[in-house]
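Make a model of the complete structure from these sequences and hints.
Protein chains in written order, with my numbering: chain A, 1 to 436; chain B, 1 to 461.
Keep in mind that a hint or two might mislead.
Not everything, but these chain B residues come out facing chain A in the computed CB check (under 7 Å) [said to hold, decoys possible]:
| hint | residue |
| --- | --- |
| 1 | Glu23 |
| 2 | Ala24 |
| 3 | Ala72 |
| 4 | Asn93 |
| 5 | Ser138 |
| 6 | Asn318 |
| 7 | Trp321 |
| 8 | Pro336 |
Derived from the structure by calculation, the hints contain no laboratory data.
Keep in mind the model is a prediction, meaning the values are calculated, not measured.
For each residue, glycine too, the CB sits at the ideal point set by N, CA and C.
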Amino acid sequence: MSDITRIANTLMKLDDMLCDCMRCGLCQAVCPVFGATMKEADVSRGKLALLDNLAHKMIEDVDAVEEKLNRCLLCGSCQANCPSGVKILDIFMAARQALVEYRGLNPIKKLVFRQLLTHPTLFSTMMRAAAPFQGTVMRKQGSTTYDMPLMSKLIGSRHIAKLPAKSLHATYGALNTPSKCGIKVLFFAGCMADKYYTQLGEACLKVLKHHGVGVVMPTDLTCCGIPALASGDRIGFVKETEKNLAIIAKELIGGGIDYILTPCGSCTATLKEWWPHFASEFSPEQRKTIEAVAARVMDINQFLIDVLHVDEKATGFRNAGSVTKVTFHDSCHLKKSLGVASQPRKLIAQNPNYELVEMKEADRCCGCGGSFTLFHYDLSKQIGQRKRENIVKTGAGAVATGCPACMLQLSDMLSQNQDEVQVKHPVEIYAEMLPE
Amino acid sequence: MISPNLIKDLEALLGAENVFTSEADRTSYSYDSAVLPSTTPALVVRPTQTEQLGDIIRMCYEAGLAITVRGAGSNLSGGTVPDTKDSVVILTNSLNRILEINTEDLYAVVEPGVVTAQFAAAVEAKGLFYPPDPGSMSVSTIAGNIAENAGGLRGLKYGVTKDYVMGLEFYDYKGNLVKTGSRTVKCVTGFNLAGLMVASEGCMGVISKAILKLVPPPKASKALTAEFATVQDAGNAVAGIIAAHILPCTLELLDQNTLKVVEADQKAGLPTDAAAMLLIEVDGHPAQVADDAARVEEVLKKCNATAVHLPGSAEEKNKLWTARRMALPALARARPTCVLEDATVPRSQIPAMLAKLDEIAKKYDLQMGTFGHAGDGNLHPTILCDKRDKEEFARVEAAVDEIFDVALKLGGTLSGEHGIGTAKAKWMEKETSKGTIEFCQRMRRACDPNGLLNANKITGI
Ligand SMILES: Cc1cc2nc3c(=O)[nH]c(=O)nc-3n(C[C@H](O)[C@H](O)[C@H](O)COP(=O)(O)OP(=O)(O)OC[C@H]3O[C@@H](n4cnc5c(N)ncnc54)[C@H](O)[C@@H]3O)c2cc1C
Ligand code: SF4
Ligand code: SF4
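As structure tokens, then:
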């Protein structure tokens, strides 16, 4: 069988889903990549048409189709807006996998997804090893951001925050605190809140403690798997998820865990939607855990508002001094995949030291898209610039968003433009008004 | 084959990043929103300045290349599917500047690729109103609207795109700039060439600039919905409202099949036992609006409406209108392929048309839902099918033929707003006459002697 026939046959399995696209083109209105390039091959309609052509062997250049397919943030804006209800993300994920299985994974991605992210200790050791040297390798750019000229191969000219000396789980160890309010949660910090935005992880723990929520936090949870999935690396995804399932299954034994919380829209969406979607990759035992996880996992903003109803409790004290204007960016996974949009806003409104002002296009993608930004930095910056303009136009001194990946992108964009706008997670803003 | 020299020249003119030659890029301009086979062009170019349009056309025309100009590619009749594999496609979506919004003289000047919704929003921000609102306005371009004479929900009271075109600039086949109309309400300087360009579907030249009329926005509006036990009653209500000399800004109809499909998809509590539902909105001066709404309610009741709702809050209104907004999406989700038709009949013939549509659906054993702009007789019978099923799709094609036959017999037209393209070209003569087709072809040959401007579309050349 020729190679093209092989890939065509695999893609033909998607034919029923591909056929749902009626080529109306309405995705042009919302696709951030199309918004930046105005090229049909960059919008879902164009990508779906290319896949359809490849499936029917009407186009031969597999490399070009793959290249186009990867110019996508997997933000889901098109799917949320598609009149025909095309399962665009399912198609893109499956197609990326088919293409990776056809030609093999890029070696850098292989190292990251199959080694680094599945071995949390290795990952943390690397971060710890890097932290003390930051002074020599990182140049101060904004008031809290730096660029790293020596590491430009990996991170480009990005402005990033200083790496913390210690990861969240290294600071706290394995947590298991008793519940005072009758609710117990497993806290899935996610790579970013565990190793990079540790202050976010700490804020979450502080808020949960304040409200008497019992918290279980195992030390060896690994990546949720979305970066591997998005790169078509099924094997890496399965490896990571098997590790997580083993750890979570142990904690779920005997019941008692009511919710699994994450402060990251992408992690929540992955545990809730992608794990069950790929359940057939796992053993029956593991599938049971996947089901149990999907039923319990919840975004922490949503938990605080919909379960704890913290907005019905008294708000915090107003500090002396001026009120900070804050605007909110809807992370794609949080709003478009999980439908969480009002809760983080309500949470911010609890802190009287902040005033929430809406920006234009609050739910337009910031351009990060996980590993998209690593491989398409220029495009990512172009999309991010539009978000930055909308943020700056509000005159806000801070921007909040419910996903650490978005936080990274927003800080970079704002810092590149020398804007003195702080980037925070809604839970951080809420935590600020609680007593220490 | 396109000569490498021409490609080099175009790259010099536009920059290499605006000349697309790769198979993958070209393939993505091989289709539009019509359910038709695609054709991949040989070359795609994207000017970033309107002046470049003239040079592109001249160079390509002299090289004997077929030319198709494309906005958002959202038309439903194949107008942007290239004529041949050797075609060049010219994209207008980087010509997207709003050049002027004049709030004193009530007009705007725009480039061809400005997106309709973005334009309407910019106009609204200046306190004025641009009424044409095709369902695709979030992506469609102004020149695409002009070249298709796009309509929308507000057609009955506010007219369609052609009613807002005050003047145009376009490039002819030689690459010369042609100007027509002006910024003034009145202008008789020469032929009304703007009229020629409206609904020209890329066959006469390439629009490079448009002067559009703006109007003051209505100060108030009020919405009503009504349910009916028979389509005859709904049709009588539509006629009755107009006969009472009320011009609602929207007067939309959903038939029972559509209601059922939307309800199955949305669970919005729609009356699936009703034969038809009307959604009506009146706008204007607040006192007039209150008066009109009361009289509409009267007419609805007189015409045996089984229920009439006057939503109190914006939220309630929004909920009721979801049914209309979700009509096409819900139908589209029900089956893989959705063939959206556009036959239009005189208002008085709506009940007859709906009855015939039911008959046709039964005869060919097809699932069909009909919704649309009842106020102007522009219905959208929508057939749900799977184009991969050859046998079923043959039935769809036969049914579409019959829908057109019926529409014409009832004194209607093939297309209210979706254009002819190649999709409906074969029926043109039936609605018009042999002489009409020949006249159009002679006119086209004068404007396009080598037959290269979207030659297969509408009447052929
Ligand atoms: C979901 C959906 C809903 C729709 N609803 C409506 C509706 O309510 N009412 C309605 O009328 N239509 C509707 N349409 C049809 C379509 O959107 C309109 O015809 C629209 O005007 C097309 O605009 P476009 O920019 O996509 O043009 P395209 O599809 O790109 O082009 C349309 C035609 O215009 C020509 N053209 C484009 N630019 C130029 C130019 N600069 N100079 C000369 N010719 C040019 C093209 O060659 C082609 O023949 C709908 C379509 C969809 C998919
Ligand atoms: S909006 Fe959906 S149906 Fe329409 S072109 Fe895009 S993917 Fe296809
Ligand atoms: S997922 Fe986002 S980036 Fe990708 S095609 Fe859809 S809208 Fe565009």
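A quick look at each hint next to the structure:
Hint status for glutamate 23 of chain B: holds, given a least beta-carbon distance of 5 Å to chain A, under 7 Å. The restraint placing alanine 24 of chain B at the interface with chain A holds, with a minimum CB-CB distance near 4 Å, inside the 7 Å limit. Against a cut-off of 7 Å between C-beta atoms, the interface hint on alanine 72 of chain B holds, since the closest Cβ of chain A lies about 6 Å away. Hint on asparagine 93 of chain B holds. Least Cβ distance to chain A is approximately 5 Å, under the 7 Å limit.
Interface hint status for serine 138 of chain B: upheld, as the beta-carbon distance to the closest one in chain A is roughly 4 Å, under 7 Å. Annotation: interface hint on asparagine 318 of chain B violated; nearest CB of chain A at approximately 17 Å, more than 7 Å. A hinted interface residue such as tryptophan 321 of chain B counts as satisfied when its beta carbon comes closer than 7 Å to some beta carbon of chain A; here the least separation is about 16 Å, so the hint is violated. Annotation: interface hint on proline 336 of chain B holds; nearest CB of chain A at approximately 4 Å, less than 7 Å.
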